[in-house]
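> Spelled out from the first residue to the last, the chains are:
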Amino acid sequence: MVSSFEKKFVLHLPSSTENLALIRDFVSKIGAQAGLEQGQVSMIELAVDEACANVIEHAYGSDQTKEVIVRARLNEDTIEIQVEDTGKGFDPGTIEQKELTKLIAERRSGGLGMRMMQMVMDEVQYSIKPGERNELRMIKRLKRS
Amino acid sequence: MANSFAVSNAQHGEISILMLDGFLDAHTAPDFEEAIQKEVNAGRTKVVVNCEKLTYISSAGLGVFMTFIEEIREAGGDIKICGVIPKVMQVFEILGFHSLFDIVGDVPQAAAKFAEGAEGG
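One line per chain: the protein sequences are A and B, in this order.
Take 1071 as the starting number for the first sequence in our numbering and just add one per residue.
Take 301 as the starting number for the second sequence in our numbering and just add one per residue.
Mixed in with the good hints, there may be bad ones.
Going by beta-carbon spacing under 8 Å, a handful of chain A positions derived as facing chain B [stated by the list, open to error]:
1. Asp1119
2. Thr1171
3. Ser1179
4. Met1189
If you're looking for bench data, these hints aren't it; they were derived computationally from the structure.
From a predicted model like this one, the values you see are computed outputs, not experimental measurements.
C-beta: ideal position from N, C-alpha, C; glycine also.
Generate the whole structure from the sequences, applying the supplied hints.
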């Protein structure tokens, strides 16, 4: 059933880290329009930045001819963000969530973005079909200002 | 513009101060990485990262700190972080950076931390 209040937004853009600022602005404007707390908007912006940076750098290997799609669906209680790509995909189960101290000892920083998304969003789900369509769906339950 | 970023460098005795300004994300993190790499290459391993003008950080920026900290500490130095605004501090705290790095109010306090370390041997 469709909620009594629901808005949908979509952003298509070339796969380049240069566009991360545009993506953050997109999320920020939606959050402001919906009257969300600034702190909460900042955290959603961060999660979407992380998701898109992973797509741009890992799924597409910084190939700027590819396209990243960000969809946002806002209703009274939640904001749902979906990030889509047609890149090489990955198995989220194989990404080890090591202690930070271990990563530091190994002089590595991999997997931080995924960890960040899981920390700041209420739900994070992947649907991976490499080369066809990969989707990352994140949900945040809302607090309004 | 919401993706501008700059890093500038000042030398105070043996302490290198890197001032970050703007948005540190996957697009701009290579600039920060290059700035720290220059310090390491020059053997300057007492580094203060002044974040008072840093308005945004994502994991790409945090990853730069993580990549270098072990090498710098092994060389007898450290990275002290100062001047962090609340929005950026929240991101540091999400990943537990406050327990892994000295994060202090300003550059003099960061310099004092280096002095304490030197006294403590």
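> If any of the earlier hints don't hold here, list their numbers in rising order.
Hint check: nothing fails, all pass.
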